[in-house]
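Can you build the whole structure from these sequences, using the hints too?
Order-wise, the sequence lines are chains X and D. This note's numbering numbers the first residue of the first sequence as 1 and each following residue consecutively. This note's numbering numbers the first residue of the second sequence as 143 and each following residue consecutively.
Source of the hints: derived by calculation from the structure; they are not laboratory data. Everything hinted at is true.
For lysine-lysine, the following DSS-like pairs were computed, each having C-alpha atoms within a straight-line distance of at most 27 Å:
hint	chain 1	residue 1	chain 2	residue 2
1	D	K557	X	K22
2	X	K90	D	K391
3	D	K282	X	K68
4	D	K533	D	K159
5	D	K450	D	K256
6	X	K129	D	K391
7	D	K317	D	K483
8	X	K68	D	K398
9	X	K68	D	K391
10	D	K420	X	K68
11	X	K129	D	K398
12	X	K68	D	K330
13	D	K483	D	K420
14	X	K22	D	K391
15	D	K330	X	K49
Which bits of chain D does chain X cover? Going by a derived footprint, with three or more residues having C-beta under 8 Å, they are:
hint	segment
16	339 to 347
17	400 to 409
Heads up, the beta-carbon is just placed ideally off N, CA and C, and yes, glycines get one too.
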Amino acid sequence: MESTPVTYRIIDHTADLGIIVKGPDVEHLFVHAAQAITDLMVRRHVSDKILIRDVSVEGEDFPDLMVKWLGEILYLFEGEGLIVNSIEIKSIGPIQLRATLALGRFEPERHQILREIKAVTYHQISVNKANDGWEARVIFDI
Amino acid sequence: MDFEIKKIDDWRYLIPKTGAMRVPGLIFASSELMPDIRGDQSLLQVVNVATLPGIVKHALAMPDIHWGYGFPIGGVAAFSLEDGIISPGGVGYDINCGTRLLTTSLFASEIRPKIKELVSALFRDIPAGVGSRGNIRLSKQEESKVAVKGASWAVQKGFGTEEDLERTEDYGVMKGADPAVVSDRAFKRGHDQLGTLGSGNHFLEIQTVDEIYDQKIAGVFNLFEGQLTVLIHSGSRGFGHQICDDFLKEMGTQVKGLGFSLPDRQLACAYIKSGPGKRYLSGMACAANYAWANRQIIMHWTRETFEKALEIAPGDLQMELLYDVCHNIAKLETHVLGGKKVTLCVHRKGATRSLPPGHPDVPQRYREVGQPVLIPGDMGTCSYVLAGSQKAMEETFGSTCHGAGRVMSRRQAIKVAKGRAINRELEDRGIFVQARGRNTLKEEISEAYKDVSLVVEAVHMVGLAKKVAKLRPLGVIKG
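Have a look at this one:
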């Protein structure tokens with residue numbers, strides 16, 4: 001899944017920053033979204049020190065699940081200094097996502113922080129099946 | 143959703159009640175500011191806020207209103223304690239983001255030759271920028287003390303003096319803080335961020351008093367023309383962001399059982415009287431206190447840096463706190479409604495408290511003239527000091543604007559600034575800037591903001607605060 005090209009674009013919001021993410025299926029959509037938020041926060045380098053962690057996120061529906069999933073990725077970086085290297089989705093449905101993350105530790109001398117994201121917002125959040133796959137719109141508070 | 147915007151007079155616009163709105167919307171702005179305001183989605187956000195249960199009088203917007211998420215930025219709304227709600231989105235992620243202004247006994251002209259050196263020294267001594275980590279590492283136990291005690295924790299640790307607390311909104315502490323409701327994640331995000339500016343629009347600015355509009359009030363505020371001042375803008379860092387995030391998620395799930403529908407998920411809320419409502423107030427107070435401690439520490443280091451760089455004794459520099467005021471908060475306050483005194487929960491999301499002369503919550507030294515109101519502009523123009531007014535108590539629950547307000551997204555700003563050396567442009571105008579982030583200066587160009595002077599003129603003319611002084615930047619550090 002790591003090799004799939006990231007497909008997202010940045011959308012304008014006066015005070016903040018948003019993304020539109022796409023994926024051929026819902027699994028890829030969530031992986032791409034996680035890669036997008038990571039790209040926005042930090043310039044990635046593959047780390048030698050890889051940490052494997054299983055995560056489980058629960059939500060009420062796909063939009064809620066997306067906010068909580070990206071919130072998890074944000075927290076891992078902001079709270080624990082861990083950067084997502086790759087993601088394996090174990091299972092996904094509208095109310096639960098289980099994944100195994102390969103994480104690298106943030107090293108100030110090797111990684112460049114690009115942007116501080118305060119939070120993933122619910123504002124105008126959408127996750128929908130599009131003609132050619134799945135699409136999500138997420139706005140971050142920066 | 144369709145709604146009407148009616149001009150009431152030169153400074154006020156009304157959105158009459160329609161659809162699910164429980165109260166009308168009221169916008170304070172001039173005709174010069176209205177086109178930008180109409181250009182984004184902020185007025186729809188005023189309409190959305192007006193649908194929330196227990197809202198009283200109006201959903202309000204200050205002249206610096208712009209598109210936020212959930213509430214507009216520059217939005218004010220008061221809710222009844224009986225049947226009203228409290229919303230983490232109505233406060234924002236950066237709980238108690240605010241400003242503090244320091245005055246000195248020096249004329250700016252005296253330090254002019256050393257300005258570059260000073261900016262570099264401040265840039266070195268005060269951690270700023272994305273992911274900035276401070277020099278203070280807190281155990282969870284110590285961080286809990288910060289969350290309860292606020293600015294006084296910092297003073298007890300030797301950062302500043304007791305006198306600073308008297309010149310801070312609510313003495314730098316919000317009562318009712320309970321660290322037990324704060325998640326481990328918030329503690330983790332906050333454990334090494336105390337004493338850091340952060341990024342984005344946060345800054346520390348060396349300024350000079352450019353113009354005095356009201357000599358009497360300026361005298362009481364200890365401001366004089368040509369004076370050297372420092373303005374600090376920061377908030378509760380990752381600690382506050384996480385607290386907001388945690389409660390939004392919790393309330394987002396619970397709100398569905400409350401019997402009303404939300405026009406935007408970001409407006410998730412709980413009744414003030416309910417368990418989740420009370421717990422959010424306690425958690426929000428923890429973040430507010432963290433922010434006051436944060437600004438107190440940054441101020442202390444600013445004093446030390448100035449003294450060292452200028453080789454001047456504290457008694458000669460006299461770097462004193464004029465006031466510290468927050469602009470992202472929800473507070474239980476007493477207001478007059480229908481001729482009766484009532485306690486309301488006032489949300490200020492990008493709005494500053496503006497208490498009138500004689501109000502008991504204004505520090506004794508300023509009580510005769512009203513609470514100092516600090517309005518930062520962008521790094522290339524100016525900032526303002528105003529004084530609170532009775533009109534604000536009558537019309538906006540004691541609130542006024544908080545800044546210039548963005549008109550361009552960060553991406554647009556980068557595009558506009560492409561190929562330009564922003565730091566050189568500013569230097570040509572006598573403003574020395576150092577920023578940590580690669581794109582910060584481009585994102586923060588003056589053109590990205592409304593003209594703060596138009597915003598301040600609007601609140602002055604309508605009487606939501608009184609203009610006292612204009613401050614011009616000389617040196618800026620940004621994240």
